[in-house]
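*Asks:* Taking the hints as your guide, dock the two standalone chains into a single complex.
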Amino acid sequence: MSTETIAMPAETAETDALRIIAFCCHYCAFTAADLAGTMRRQYPPNIRIVRFPCTGRLETNTILQAFLDGADGVLVAGCEPGGCHFLKGNLRAAKRVEHCRRLLEQAGVSPERLEMRHIAASQGPLFAETARQFTEKIRMIKEQARRGTAPSDECLGDEP
Amino acid sequence: MIVAEQKPFEDIYSYAKRHRRVLLLGCGTCVTVCMAGGEKEVGILASLVRLAARERNDDITVDEHTITRQCDAEFFDETTARKAADAEAVISMGCGVGVQFCAQRFPDKIVYPALNTKFYGATIEQGVWAERCAGCGECVLADFGGICPVARCSKSLLNGPCGGSQDGRCEVDPERVECAWQLIYERMEAMGRLEELEKIQPFKDWSQHRDGGPRTITREEVRL
Ligand code: SF4
Ligand code: SF4
Chain A
1 MSTETIAMPA ETAETDALRI IAFCCHYCAF TAADLAGTMR RQYPPNIRIV
51 RFPCTGRLET NTILQAFLDG ADGVLVAGCE PGGCHFLKGN LRAAKRVEHC
101 RRLLEQAGVS PERLEMRHIA ASQGPLFAET ARQFTEKIRM IKEQARRGTA
151 PSDECLGDEP
Chain B
1 MIVAEQKPFE DIYSYAKRHR RVLLLGCGTC VTVCMAGGEK EVGILASLVR
51 LAARERNDDI TVDEHTITRQ CDAEFFDETT ARKAADAEAV ISMGCGVGVQ
101 FCAQRFPDKI VYPALNTKFY GATIEQGVWA ERCAGCGECV LADFGGICPV
151 ARCSKSLLNG PCGGSQDGRC EVDPERVECA WQLIYERMEA MGRLEELEKI
201 QPFKDWSQHR DGGPRTITRE EVRL
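Going down the list, the sequences are from chains A and B. What the first sequence shows, in our numbering, is residues 1 to 160, in sequence order. What the second sequence shows, in our numbering, is residues 1 to 224, in sequence order.
There's no promise every hint is true.
What the hints assert, rightly or not - Each pair of labels, with its calculated beta carbon distance range:
| # | chain 1 | residue 1 | chain 2 | residue 2 | range |
| --- | --- | --- | --- | --- | --- |
| 1 | B | 63 | A | 99 | 16 to 26 Å |
| 2 | A | 102 | B | 110 | 25 to 35 Å |
| 3 | A | 34 | B | 97 | 46 to 56 Å |
| 4 | A | 34 | B | 166 | 54 to 64 Å |
| 5 | A | 26 | B | 133 | 42 to 52 Å |
| 6 | A | 37 | B | 132 | 48 to 58 Å |
Said to hold, decoys possible - If you want the ones that stay clear, here's a sample from chain A, every Cβ over 12 Å from chain B, calculated:
| # | residue |
| --- | --- |
| 7 | 80 |
| 8 | 82 |
| 9 | 129 |
| 10 | 143 |
| 11 | 144 |
Keep in mind that the hints were calculated from the coordinates and are not lab data. All residues carry an ideal CB built from backbone N, CA and C; glycine is no exception.
With the rest of the complex left out, here is chain B (with noise of 0.2 Å):
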């Protein structure tokens, strides 16, 4: 899933203050399952900006909406579209996807992000997620044991370790970070397939990653 937290209160709070009508719009998927910006969270920060708003002195008056994804047009439906005509500014709680629709869809609307957007993650346990993919556009996993060192190798080494690992410790933050390469090699010898580590990776085609610009998807077979 997408994981994204929210942003600071004061930051939410002063896109707000610029209206005196806003739409709190949350989403239904990733960021409702990684607690950031679905239905609680949208009821949670209506009622912190209720609070802030009458302690301030402010004339804000808060609506709330939560649909199922912000990143497809179908749920966009005629109640989201009444919501948000009448407020002046939408208040976006989706991953910045959702908040480049919103704008979209919304052409004469203000849109603002409720949340930073950091990474395509897990849930490790409740209340902890980490960052698994990078979306490089060129799945490796299948030589590496299903561990990715895109994404979790901090230097995204293809022909790791470097020098740097300590203790199945990551140089770049060991109290945080897991080296990649020690998780990468011990799954690999468990599996007995040491020696495919042994072969030289070649240079990744980043083209394929964000290094091609932004990536478009186009599968005639299932357009209408």
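For reference, chain A alone in the conformation it holds in the complex (with noise of 0.2 Å):
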């Protein structure tokens, strides 16, 4: 997994060029994703998701691979508290992330690039939310780098 590159998709106009990579749980969000489709609600389409069959198969360095390939933020999504297919895989992916923003912020990289979140499958609306919600306080930081100014907390936002 360590060496295994993802690809990114191509820079283009209405993708505002902002990357952004979401390793989804096969048994919630990516599902979740899935459903959001379904029902016909729009998210924005930088959000590129990789399925994995647990979060907590996602490994420390195939997140910092991600925003090595270019990723401008990742979004790890998994299976809410207690709702783990492999009972805490979710649990300890959410311990990993949370190590690997102290990672990130050692190596000079804002550590509000990289986020996890709880979606269960049956969270279709949740997970189109929660990718505008990204996306626009990616686009924020990136946009806030540019100019060379730390992003605030409050044009952060407030987890929902």
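*Replies:* This is how it looks when you write it as structure tokens:
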């Protein structure tokens, strides 16, 4: 896993050149994304979903590699606490994501560019909303980095 | 196993920054098991150095490689030699022994340590390691119910406990340290061997430990 690279979408005007990778658990967030589509809920097209058997399978270095390969933001979406198909994979992923955020900060990358969310399989609209919010947050971070100002907490918004 | 942990990232990055090309060399034995310097950690650290270099506009190329053991000459194969030759410096993710062995193997390279080597210990649970042996050179575990008074008593008392043992905790750091002597007492009691603890232990021969200078073991029957 550590040496795999993740193909990024080509930059186009309509994707606003933002590259966002969503590592989604097959049993929840991936199904929710599918459901969002079935329900015709729109979400930004610059989110690229990578399906995992469980977010617990996600290695720290896979996340770092996504950033190295040009991701502007990485969203890890797993089951709700208590709802993991493998019991604790999502909780372990949450700890790993926390750790990874600290690592990113040490490397000088804003930890806000990485986030873990819990989305159940039935929550198609929540997936679409999360995708929208996260994309907007990443857009602001990128914009502020371009202007040379650190993003303020206010503009980053609260997690739901 | 030898237990180590990674140095702060800034320290490692300050080593890497002195060069344009570094080899991050992992070790596949103890430090893989204690999750500090194995192949996986090499991958993570390499990614972090690359990310940091990109953020800070530093020109650093990082190569990654992990060998089975950094404390045995036989694992320094041609590939390893070539990768070291290509780099300006080597950052070893082995324990202190591995770092020194690398320095000896690559005499014209600067070799930096990426880890702080801590102790000989055991995995208590995944993610938790604890010191169990101090390599004193003359093992006395037989007399203490298999619990080491040298490594696990904060004062290395052979005739313990001291007066600071409270509720099974050691006065040196009650939060973190169990009183080894409480453990020894309970174990010996459970085994019906308490009277053995009444024997006064003589001074330990510390010349077998570090006090006699660095140690070497030579066994003629296995030498080539
Ligand atoms: S008595 Fe010495 S050799 Fe034995 S476990 Fe303790 S420190 Fe190690
Ligand atoms: S409290 Fe126990 S472990 Fe701590 S120094 Fe005293 S005898 Fe040793």
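*Asks:* Quick check on a hinted range of 54 to 64 Å for residue 34 (chain A) and residue 166 (chain B), using CB atoms only.
*Replies:* holds (59 Å)
*Asks:* Residue 129 (chain A): least C-beta distance to chain B exceeds 12 Å?
*Replies:* holds (30 Å)
*Asks:* Holds or violated: 16 to 26 Å for the Cβ distance of residue 63 (chain B) and residue 99 (chain A)?
*Replies:* Holds, at about 25 Å.
*Asks:* Holds or violated: the 25 to 35 Å window for the beta-carbon distance between residue 102 (chain A) and residue 110 (chain B)?
*Replies:* holds (28 Å)
*Asks:* Is the claim that residue 80 (chain A) lies outside the interface with chain B correct, judged by CB distances over 12 Å?
*Replies:* Its Cβ never comes within 12 Å of chain B, the nearest being 24 Å, so this holds.
*Asks:* Are all C-beta atoms of chain B more than 12 Å from that of residue 82 (chain A)?
*Replies:* Given that every Cβ of chain B is farther than 12 Å from that of residue 82 (chain A), nearest at about 21 Å, it holds.
*Asks:* Classify the label on residue 144 (chain A) as holds or violated, using whether its beta-carbon is more than 12 Å from each beta-carbon of chain B.
*Replies:* The assertion about residue 144 (chain A) holds, with a minimum of 15 Å to chain B.
*Asks:* Can we trust that residue 143 (chain A) is non-interface, i.e. its beta-carbon lies farther than 12 Å from all of chain B?
*Replies:* holds (17 Å)
*Asks:* Kindly confirm whether 46 to 56 Å is satisfied by the beta carbon distance between residue 34 (chain A) and residue 97 (chain B).
*Replies:* Holds - the Cβ-Cβ distance for residue 34 (chain A) and residue 97 (chain B), about 52 Å, lies within 46 to 56 Å.
*Asks:* Starting from the range 48 to 58 Å, see whether the pair residue 37 (chain A) and residue 132 (chain B) falls in it by beta-carbon distance.
*Replies:* With a Cβ separation near 55 Å, residue 37 (chain A) and residue 132 (chain B) satisfy 48 to 58 Å, so the hint holds.
*Asks:* The hint says 42 to 52 Å between residue 26 (chain A) and residue 133 (chain B); measuring C-beta to C-beta, is that right?
*Replies:* Hint holds: Cβ distance 45 Å, inside 42 to 52 Å.
Against the hints set out earlier in the document, no violation occurs for any number.
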